[in-house]
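Chemist: Sequence:
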Amino acid sequence: MLTKKDKEEVTEMIVDGIREVIMPTLENMSDDIRDIKTRLGSVETRLGTVETRLDVVERKLDNVIDNQLEDRVTLRIYQQRLGNIESIPSIAHQLRKK
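The opening position of the sequence shown corresponds to residue 10 in my numbering, with each subsequent residue numbered one higher.
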């Protein structure tokens, strides 16, 4: 059976252990968590910048694709017109000479 004094000593040893081992570990963990949050904020900022740049690149690529599609349509129209012109006998004869 533990005496009152024994119980107090055990309690004091436990409290000392908590102060010497557990509390510094928790403080270090807290510092590490703060550091991680700071770094995460920096990463989020950079990610936002990358997303903005990707949006710009995507818009430019969409523009290029749209322009290429318009150019293809225009080319087809000119090819059809040229085909129509070449189908006229007198013009076709003149084009063949050249």
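Watch out, some of these pointers could steer you wrong.
Restraint ranges, calculated between C-beta atoms of paired labels, are given here [stated by the list, open to error]:
no. : residue 1 : residue 2 : range
1   : R28       : E60       : 34 to 40 Å
2   : V59       : L35       : 34 to 40 Å
3   : D44       : V24       : 26 to 32 Å
4   : D44       : K14       : 30 to 36 Å
5   : D75       : E36       : 24 to 30 Å
6   : L56       : L91       : 38 to 44 Å
7   : E21       : R43       : 55 to 61 Å
8   : D75       : I97       : 33 to 39 Å
9   : N76       : R55       : 55 to 61 Å
10  : N37       : D75       : 36 to 42 Å
11  : E53       : M10       : 56 to 62 Å
12  : E79       : M38       : 28 to 34 Å
13  : I31       : L70       : 53 to 59 Å
14  : V19       : D44       : 33 to 39 Å
Keep in mind the hints are simulated off the structure, nothing from the lab.
Even for Gly, the Cβ is constructed at its ideal location relative to N, Cα and C.
Chemist: Hint by hint, note whether the structure agrees.
Modeler: Going through the hints against the structure:
At roughly 47 Å, the beta carbons of R28 and E60 sit outside the given window of 34 to 40 Å. Evaluation of the 34 to 40 Å hint for V59 and L35 yields a pass: the beta carbon distance comes to about 35 Å. D44 and V24 have their C-beta atoms about 29 Å apart, which keeps the hinted 26 to 32 Å range intact. Roughly 44 Å separates the CB atoms of D44 and K14, a value that falls outside the hinted 30 to 36 Å.
Separation of D75 from E36 is about 58 Å and departs from the stated range, judged on CB atoms against 24 to 30 Å. Judged by the Cβ atoms, the range 38 to 44 Å given for L56 and L91 is violated: they are separated by roughly 52 Å. At roughly 32 Å, the beta-carbon separation of E21 and R43 lies outside the given 55 to 61 Å, and the hint is violated. A beta carbon spacing of about 34 Å between D75 and I97 agrees with the range 33 to 39 Å that was offered as a hint.
Our hint of 55 to 61 Å for N76 and R55 is violated, since their Cβ atoms are close to 32 Å apart. Between N37 and D75 the C-beta distance comes to about 56 Å, which lies outside the given range of 36 to 42 Å. For E53 paired with M10, a C-beta distance near 59 Å keeps the hint of 56 to 62 Å intact. Between E79 and M38 the Cβ separation comes to about 60 Å, which falls outside the hinted range of 28 to 34 Å.
Between I31 and L70 the beta carbons are some 56 Å apart, a value that agrees with the proposed interval 53 to 59 Å. About 37 Å separates the C-beta atoms of V19 and D44, a value consistent with the hinted range of 33 to 39 Å.
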